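Student: Chain by chain, the residues run as shown.
Protein chains: 2
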Amino acid sequence: MSGNQKQQTAITPTREENYAEWYQQVVRAGDLAENSPVRGCMVIKPWGYALWENVQRVLDGMFKATGHRNAYFPLFIPLSFLEKEAAHVDGFAKECAVVTHHRLKAGPDGKLIPDGELDEPLIVRPTSETIIGATFAKWVQSYRDLPLLINQWANVVRWEMRTRLFLRTAEFLWQEGHTAHATQEEAVDETMKMLRVYADFAENWMAMPVIQGRKTDSERFPGAVDTYCIEAMMQDRKALQAGTSHFLGQNFAKASEIQFLDADGQQKFAWTTSWGVSTRLIGAMIMTHSDDDGLMVPPRLAPTHVVILPVMHKPETAQQVLDYCRKLAEDLRAQHFAGRAIEVEVDARDLRGGDKMWQWVKKGVPLRIEVGPRDIEQGAVFMARRDRGAKDKQAMPRDQFVQGCAALLQEIQDGMFARAAAFREQHTRRIDTKAEFEAFFTPKRAGDENQPAEIHGGFALAHFCGDAAVEAEVKDRLGVTIRCIPLDAPEEQGTCVITGRPSSRRVVWGKSY
Amino acid sequence: MSGNQKQQTAITPTREENYAEWYQQVVRAGDLAENSPVRGCMVIKPWGYALWENVQRVLDGMFKATGHRNAYFPLFIPLSFLEKEAAHVDGFAKECAVVTHHRLKAGPDGKLIPDGELDEPLIVRPTSETIIGATFAKWVQSYRDLPLLINQWANVVRWEMRTRLFLRTAEFLWQEGHTAHATQEEAVDETMKMLRVYADFAENWMAMPVIQGRKTDSERFPGAVDTYCIEAMMQDRKALQAGTSHFLGQNFAKASEIQFLDADGQQKFAWTTSWGVSTRLIGAMIMTHSDDDGLMVPPRLAPTHVVILPVMHKPETAQQVLDYCRKLAEDLRAQHFAGRAIEVEVDARDLRGGDKMWQWVKKGVPLRIEVGPRDIEQGAVFMARRDRGAKDKQAMPRDQFVQGCAALLQEIQDGMFARAAAFREQHTRRIDTKAEFEAFFTPKRAGDENQPAEIHGGFALAHFCGDAAVEAEVKDRLGVTIRCIPLDAPEEQGTCVITGRPSSRRVVWGKSY
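Residue numbers (the numbering used here), protein chains in the order written: chain G, 763 to 1275; chain F, 763 to 1275.
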């Protein structure tokens, strides 16, 4: 019925035509988020927020299962706190919201102006190492108080000048884990454990394959000793850093004086970690899975698994169809998938069937069911999967659908992961010469700002000599950075793809978000 | 074993001795929250945050069951937005955090100073009517878009000069519901529906009896047409406003231009509501239920329902006791209470038994179980209820405890409600003369700032002529305000307790937080 629309694709432009604009249109068409009147801040709409709620629910369970507890720390950080760790303040000073006054008064022309200047400016937290560190210093006295395993769900602000919905916004929502340990070894273990939690979540819940690795020195979190990350490939072959886990050594413990009396009677500084993921994950999910018809939600994180569309053209059968659909919904809700009841919506709105169907396609709901009077007679449903073409509908016995629904959802989930993994595989190349490296990252056709889809090959696995100056030069010249040194990269003697100097391990190079 | 401590009570001072200080000590001893290095902002510690998580979980379910969906709006509000509604900006201008710069630079002496002045100052949201209104104006075009039923979980900032943990802090966590409707009637219905949701939550989950009522004009939310509230009596007989639901009329719709094309072809302004509760509820819970041994958590909101304390004095039986306790915990977790599995903690820390036990008393866990080798032989447990004296322990057969645990928790919950309701009843008086009214609110003994416990009688149900000047005079002279005009107050001819003028309904007068 919407064949016409289908031929054009539901989203204009397509990924091929203009990837960046396609992304904006998928976000818009999926009713996920929009720009707000406040520069750089987004409004997360109900469907987008429901995705975030599912991300939160699952991750929160994983954090608690690994012994962490939630707490809440102040939104504001006194400027002097931020200054305690030198690299840290350098990293954030250029992009922070500064509160300088605590009230408003009428100015000379009657308009309100800031009043009540603060003795010390307050920074809206860009991250909370310093304020949490100051608190940990009070909580930690003895080795018996360790490990201290805390997580916070919060909003943070980084005054980015160029923003993009979910991917880079001035305010975003995230979680930040902060832990303190008695020994370096325990802190390193924690850092790696939480990296694995993130990778597990990305792969098994978001259906997004990721590379786990360590950042080079130049890409480290400001103040960290080591930053580990999960990196995913988007459909424009660019890398997206989807989560980070930092081993902070004793840097913040010394800055905040987190000290404890150890079992051996010695006063020692604690070893700390921090780790976080943000609403950026929603952007990653969109860019990993969506197609030219819009969003495709991984079933395990879907706010609605199944939408039922009653076909109610004829007034005389409308109520019967609706009742049948509601009973079907009830039966589906009695089934479980991925730890919760299957979520079903019966969409009985008075809208054209085609418009209604396409709204759900664009929202990415995994399964759509159409039920009309004839289907009821035959005890059948018309089923469409979001991971197949919108017109690809399949009649099947009602009860078979109900019984098999959870398995079908898992099949879709697995298929989405496999497709994304194949895509990454296809666009990852082992490269050993500078010429090939440069060709790989050179646009295949003239691109502009809005047209990065075809400008490069993807991920290059190539040797690197470890020289930060070389890294900087490649970044400047080609816009390519080392995404990470993969944890599972085997030792392999080779020569740096840029300098020819010896190297013992390949790293992942790519363009990134 | 801690009889000495018990005689002194676990909390010093007691409620009688110094109520305000007792409150601070209960918060401290219960490990609920603490002051942060940032003026007026608190750190919510894991146990306090776990209570808030349970509040959120239950309320969020109630909001969704009544058709609301969550979304997220910017932390910052442009000054010009706040100014759109005149009463609104007047209400918040005196106490708001103002962001004026977006980066830092090194000043003349090398210290960092604010840089990058914003064209327009941004206010850290004290509440979100104006920014959400601007968004609703885009979302609402037709009567088909209504009702629009949105909720936001967020942090807000009001620059209070005198703060108290949970009760009044510069930053606090809350939810704010915002809805838009086609008609006045629907918006009023929504306002009342959400007031009932709050009352239901307060009474059936927090075990805190509340009076539902309407605020007088002078106590209305800035910009509202009508403010409804739930008011609870604390153990110092003061009133605490625990939640508000506002009928905003078309005030914010006009300020934000939320207009729609109605079914009759007319362009109309929407009718809006807003409603909220905050982390203040945790303060209300503490002050309603705690005693001189510390916090007492209502079982339906308890992060841990049962704590099991293994008695492991003898090394040769320690492992056996621990194993037995873990099995007991498993069996308890298979039981359900108030919609979730019973939450059990086995506290096997290497701490003196008395210290350990008192920590849990002060955290307010509803049930404590002690298990030693002899109990195992007898198939019994030693059970103590937090709502009884700390030494009041009762031996009972293990399986009987497991099977009866949920019923016992509900019995404790009901008892807590009954006790709070009796307390309120006892300290509520119908008053008909000015002399009695003044005596009721006059301190029984000289009190100071920190000693309000005995300074007045409680709630007075008395007639009021409706004159705002009279209300203001009573507030100035006695520190007494009209808490609300109860929804269930019967019509009753009488005379104003202050002026003698005619009145048709009693109102609730009280001192308040």
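Just so you know, the hints here were simulated from the structure itself, not pulled from any lab data. All of these numbers come straight from a predicted model, not from anything done at the bench. Careful: at least some of the hints might be erroneous.
Pairs involving identical chains hold if they fit within one copy or between any two copies, as the list cannot separate such chains.
[To be verified] Cross-link-like lysine-lysine pairs, in silico, DSBU-like; alpha carbons within 30 Å at most:
| # | residue 1 | residue 2 |
| --- | --- | --- |
| 1 | K1237 | K1076 |
| 2 | K1118 | K900 |
| 3 | K1196 | K856 |
| 4 | K1153 | K1076 |
| 5 | K867 | K846 |
| 6 | K955 | K1089 |
| 7 | K856 | K867 |
| 8 | K1155 | K900 |
| 9 | K1089 | K1237 |
| 10 | K1237 | K826 |
| 11 | K1016 | K1030 |
| 12 | K1118 | K856 |
| 13 | K1030 | K1118 |
| 14 | K1016 | K846 |
Student: Next, verify each hint and record whether it holds.
Tutor: Results for each hint:
no., hint, verdict
1, K1237 / K1076, "neither (63 Å within a copy, 65 Å between copies)"
2, K1118 / K900, "between (56 Å within a copy, 21 Å between copies)"
3, K1196 / K856, "neither (35 Å within a copy, 63 Å between copies)"
4, K1153 / K1076, "within (23 Å within a copy, 72 Å between copies)"
5, K867 / K846, "between (34 Å within a copy, 16 Å between copies)"
6, K955 / K1089, "between (44 Å within a copy, 28 Å between copies)"
7, K856 / K867, "both (29 Å within a copy, 8 Å between copies)"
8, K1155 / K900, "neither (62 Å within a copy, 35 Å between copies)"
9, K1089 / K1237, "neither (58 Å within a copy, 58 Å between copies)"
10, K1237 / K826, "neither (39 Å within a copy, 48 Å between copies)"
11, K1016 / K1030, "within (10 Å within a copy, 61 Å between copies)"
12, K1118 / K856, "neither (46 Å within a copy, 48 Å between copies)"
13, K1030 / K1118, "between (63 Å within a copy, 27 Å between copies)"
14, K1016 / K846, "within (9 Å within a copy, 48 Å between copies)"
Of the numbered hints listed earlier, those contradicted by the structure are 1, 3, 8, 9, 10 and 12.
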